[in-house]
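If you want the building blocks of each chain, they are given just below.
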Amino acid sequence: MKLYEHEGADLLEKYGISVPKRQLVTSVDDKFNIPLAVVLKAQVLSGDRKKHGGILFANTSTELNKKIKFLLNKKIKGERVEKILVEEKVKGVKEYYVSFSFSGVLRAPVLAISKKGGSGIDEADIYPINPLLGVSPAFIKHTLLKSKFLNEDIKPLSEIIMNLWKLFLEEKVVLAEINPLIKNSDGSFLACDAKIDYGKRRAVEKMDGDIAIIASGGGASLINIDALLTAGGRPANYAEYSGNPPKEVVEKITREVLSRPNIKACWVVGGTASFTDIYETMKGFLAGLKKIKPKPKFPFIIRRDGPRAQEAQKMLKDFAKKEGYNFHVYGSETPMVETAKMVVDVAYSKKKKLK
Amino acid sequence: MSILVDENTKVLIQGITGTEGSRACREMLLYGTKVVAGVRPGAAGQFIEGVPVYNTVKDALKRHPDINVSLIIVPAGHVKSATEEAIMADIPLINILTEYVPPIDSAYIVALATKHKVRIVGCSSIGIISPGKSKVGSIGSAEIRHVFKPGPIGIISKSGGMTAELAVVLGKYDLGQSTVVGIGADTIPGSDFLDIIKLFEKDKDTKAIVMFGEVGGAGEEIVAEAVKNKKIKKPIVAMIGGKFTHMLPSGTVLGHAGAIVSHGKGGYNSKIKALKEVGILIAKTPEEIPLLLNKILKKKQ
Chain Y
432 MKLYEHEGAD LLEKYGISVP KRQLVTSVDD KFNIPLAVVL KAQVLSGDRK KHGGILFANT
492 STELNKKIKF LLNKKIKGER VEKILVEEKV KGVKEYYVSF SFSGVLRAPV LAISKKGGSG
552 IDEADIYPIN PLLGVSPAFI KHTLLKSKFL NEDIKPLSEI IMNLWKLFLE EKVVLAEINP
612 LIKNSDGSFL ACDAKIDYGK RRAVEKMDGD IAIIASGGGA SLINIDALLT AGGRPANYAE
672 YSGNPPKEVV EKITREVLSR PNIKACWVVG GTASFTDIYE TMKGFLAGLK KIKPKPKFPF
732 IIRRDGPRAQ EAQKMLKDFA KKEGYNFHVY GSETPMVETA KMVVDVAYSK KKKLK
Chain F
602 MSILVDENTK VLIQGITGTE GSRACREMLL YGTKVVAGVR PGAAGQFIEG VPVYNTVKDA
662 LKRHPDINVS LIIVPAGHVK SATEEAIMAD IPLINILTEY VPPIDSAYIV ALATKHKVRI
722 VGCSSIGIIS PGKSKVGSIG SAEIRHVFKP GPIGIISKSG GMTAELAVVL GKYDLGQSTV
782 VGIGADTIPG SDFLDIIKLF EKDKDTKAIV MFGEVGGAGE EIVAEAVKNK KIKKPIVAMI
842 GGKFTHMLPS GTVLGHAGAI VSHGKGGYNS KIKALKEVGI LIAKTPEEIP LLLNKILKKK
902 Q
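Chains as they are written, first to last, in this note's numbering: chain Y, 432 to 786; chain F, 602 to 902.
No wet-lab data here; the hints were simulated from the structure. Hints are supplied without guarantee of correctness; some may be wrong.
Some chain Y residues near chain F, calculated using beta-carbon distances under 7 Å [stated by the list, open to error]:
id: 1; residue: A489
id: 2; residue: A539
id: 3; residue: K603
id: 4; residue: L653
id: 5; residue: F706
With a cut-off of at most 27 Å between alpha-carbon atoms, the simulated DSSO-like pairs for lysine-lysine come out as follows [stated by the list, open to error]:
id: 6; chain 1: F; residue 1: K885; chain 2: Y; residue 2: K547
id: 7; chain 1: F; residue 1: K803; chain 2: Y; residue 2: K577
id: 8; chain 1: F; residue 1: K900; chain 2: F; residue 2: K866
id: 9; chain 1: F; residue 1: K803; chain 2: F; residue 2: K832
id: 10; chain 1: Y; residue 1: K508; chain 2: Y; residue 2: K520
id: 11; chain 1: Y; residue 1: K637; chain 2: F; residue 2: K885
id: 12; chain 1: Y; residue 1: K508; chain 2: F; residue 2: K834
id: 13; chain 1: Y; residue 1: K514; chain 2: Y; residue 2: K586
id: 14; chain 1: Y; residue 1: K522; chain 2: Y; residue 2: K482
id: 15; chain 1: Y; residue 1: K603; chain 2: F; residue 2: K866
id: 16; chain 1: Y; residue 1: K498; chain 2: Y; residue 2: K520
id: 17; chain 1: Y; residue 1: K481; chain 2: F; residue 2: K866
Derived Cβ-Cβ restraints for the label pairs, each shown as a range [unchecked claim]:
id: 18; chain 1: F; residue 1: M689; chain 2: Y; residue 2: E601; range: 22 to 32 Å
id: 19; chain 1: F; residue 1: E650; chain 2: Y; residue 2: K631; range: 29 to 39 Å
id: 20; chain 1: F; residue 1: M848; chain 2: Y; residue 2: I465; range: 29 to 39 Å
id: 21; chain 1: F; residue 1: N656; chain 2: Y; residue 2: N582; range: 51 to 61 Å
id: 22; chain 1: F; residue 1: Q647; chain 2: Y; residue 2: R511; range: 27 to 37 Å
Backbone N, C-alpha and C fix where the C-beta goes; we use that ideal spot for every residue, glycine too.
Using the sequences and the hints, build the whole thing.
What follows is the structure, given as structure tokens:
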């Protein structure tokens with residue numbers, strides 16, 4: 432889960448890292464207490480927001496109001512702007528880059544620093560951190576000297592990097608990045624944009640299509656959505672539960688996924704499970720489905736197998752018959768990829784009926 | 602033969618009194634695995650499915666010095682200390698099932714394990730099964746245990762959910778497995794693909810290897826490098842999930858740092874390209890995997 436920039440800025444401040452004066456704006460009626468000139472930053476999670484018109488500047492209050500009106504509810508790469516961060520305009524003399532993240536290859540956290548920060552950055556010096564030792568002031572000093580930072584920068588930067596490490600460690604995030612870290616003419620620093628990522632995926636992510644997906648298992652759901660796209664399907668969402676969740680989890684995902692408009696079919700899919708209780712999880716699916724009004728008329732392709740799968744299949748078939756739902760229920764005898772084609776066929780009525 | 606677990610495996614379960622811990626215990630006993638002890642601080646004297654529970658790993662080892670695997674199923678926040686306890690007791694193989702362990706904790710225990718020459722499989726591992734011999738973890742529970750059959754294929758999967766599915770698909774062509782290992786898909790893996798492939802490389806009964814990967818990390822690229830350098834000679838069939846993930850709002854994970862630190866590795870295209878270049882066969886669907894395996898095995902005869 433990535434944090435929005437304004438949430439990241441709050442977190443940096445909590446760990447003693449200076450950020451520009453700022454205010455979060457959600458409506459054109461908000462009152463301002465930030466001195467002009469300011470920069471307006473759309474709060475969206477996608478990158479490249481400058482290129483897509485998400486960063487604007489204002490020198491007067493008339494200009495500020497006009498631009499807020501323009502930016503609110505605008506869509507940036509499909510994401511609606513609901514909040515704007517209005518920030519004092521910082522004119523620094525230098526832009527640096529600093530981040531803590533993980534290297535899967537080294538199986539360790541790494542510090543990345545560069546004297547050339549800003550939006551175009553694609554290279555930085557990388558310093559692996561011994562997970563058993565962590566980060567010490569001596570380590571930071573060593574890296575800054577090795578990367579040839581100015582002598583006058585070493586003390587203030589060391590402090591910022593140490594505070595960022597504390598944030599990285601205590602918040603247990605997978606990424607803590609400041610870019611740019613702006614150096615002012617008086618030698619002080621301000622963190623002008625932060626990316627903080629907790630690493631966990633949101634349970635449901637919206638996509639643009641019309642086939643609702645309730646997938647089980649991280650790896651299986653990845654190849655299943657790949658297969659759906661190959662078959663010409665348009666996924667409405669990415670949603671996945673793994674492990675052996677209580678039925679409430681599946682119920683919640685089902686409700687969220689099926690409450691979207693313009694769904695043409697629903698695909699409930701997963702590999703043959705080793706320990707997921709298929710009966711329990713399908714009970715959760717039915718509980719969620721019952722709450723969807725009006726009752727969906729579109730077809731459901733269900734492919735599940737694993738512990739208690741036979742009981743689950745019987746329950747699903749009985750439910751569909753009694754309540755009048757259009758279910759097609761399959762097990763491991765039918766390849767997952769095959770059911771991707773089936774759901775595309777029924778969703779776009781390529782075939783009137785399945786065998 | 603097989604790798605990691607077999608008839609001589611003697612398991613300790615840390616977190617045996619929890620719902621998933623006791624369930625895994627029951628399922629392992631049903632499969633014939635020798636589960637000899639469990640640990641749960643403060644629960645000494647209890648029995649779970651007839652298995653004695655101790656307060657500490659040290660206490661368990663005192664009574665059962667032949668323990669050679671510890672299975673860890675404790676809440677994510679306790680994984681670091683539980684694993685540290687098992688490493689300090691020199692248990693040679695630690696299998697961690699717990700999901701959502703913070704990577705900073707994983708990095709710590711993986712570094713500690715490396716220092717003490719202890720092997721970790723996980724976190725987020727579904728377990729390890731050597732069909733017909735023994736299994737550790739939740740892999741192949743209940744009626745699903747029967748889909749895993751002994752045979753010449755070694756399977757390594759980041760995805761736990763795909764392990765039984767792969768066994769089903771291979772089963773349709775009578776391709777059994779020497780050992781199936783769920784390595785998890787965490788940022789910091791205790792064992793990566795190559796760590797396990799090296800074991801299969803030395804195992805006489807494993808004739809071919811299936812690698813089920815997904816976007817993220819560089820484990821697949823590292824395998825390609827090892828094949829290129831002729832460190833791995835056994836044939837490998839790979840399948841990679843997540844081609845579509847760049848379409849997701851969260852798809853561009855890790856922003857600048859991701860690109861800077863991983864040097865462009867980790868994406869779908871990077872993985873497929875690296876694997877193909879060294880002759881590893883790529884399956885586009887699970888159903889293609891047994892077809893490719895049969896092609897390889899016939900060629901070898």
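27 Å Cα cutoff - pair K885/F, K547/Y
violated (42 Å)
Take a quick look at whether K637/Y and K885/F sit within 27 Å of each other, Cα to Cα.
Distance of about 25 Å is within 27 Å: holds.
Holds or violated: K508/Y with K834/F, Cα cutoff 27 Å?
It is violated: about 46 Å lies between the C-alpha atoms, which goes past 27 Å.
Take the C-beta atom of M848/F and the C-beta atom of I465/Y, compute their distance, and say whether it sits inside 29 to 39 Å.
Holds - the Cβ-Cβ distance for M848/F and I465/Y, about 37 Å, lies within 29 to 39 Å.
Starting from K803/F, check that the Cα of K832/F is at most 27 Å away, please.
holds (11 Å)
With a cut-off of 27 Å on the C-alpha distance, tell me whether K522/Y and K482/Y pass.
holds (20 Å)
Distance restraint hint 29 to 39 Å, applied to the beta-carbon atoms of E650/F and K631/Y
holds (33 Å)
So if I understand the rule, the pair passes when the alpha-carbon distance is 27 Å or less; does K481/Y with K866/F pass?
Roughly 26 Å between the alpha carbons, so the hint for K481/Y and K866/F holds.
Minimum Cβ distance from L653/Y to chain F below 7 Å?
holds (3 Å)
Does K603/Y pass the interface hint, meaning its C-beta sits closer than 7 Å to a C-beta of chain F?
holds (4 Å)
Agreement of K514/Y and K586/Y with the hint, judged by alpha carbon distance not exceeding 27 Å:
violated (35 Å)
Range hint compliance [Cβ, Q647/F to R511/Y, 27 to 37 Å]:
violated (54 Å)
The structure is inconsistent with the numbered hints 1, 6, 7, 8, 12, 13 and 22, although it conforms to all the rest.
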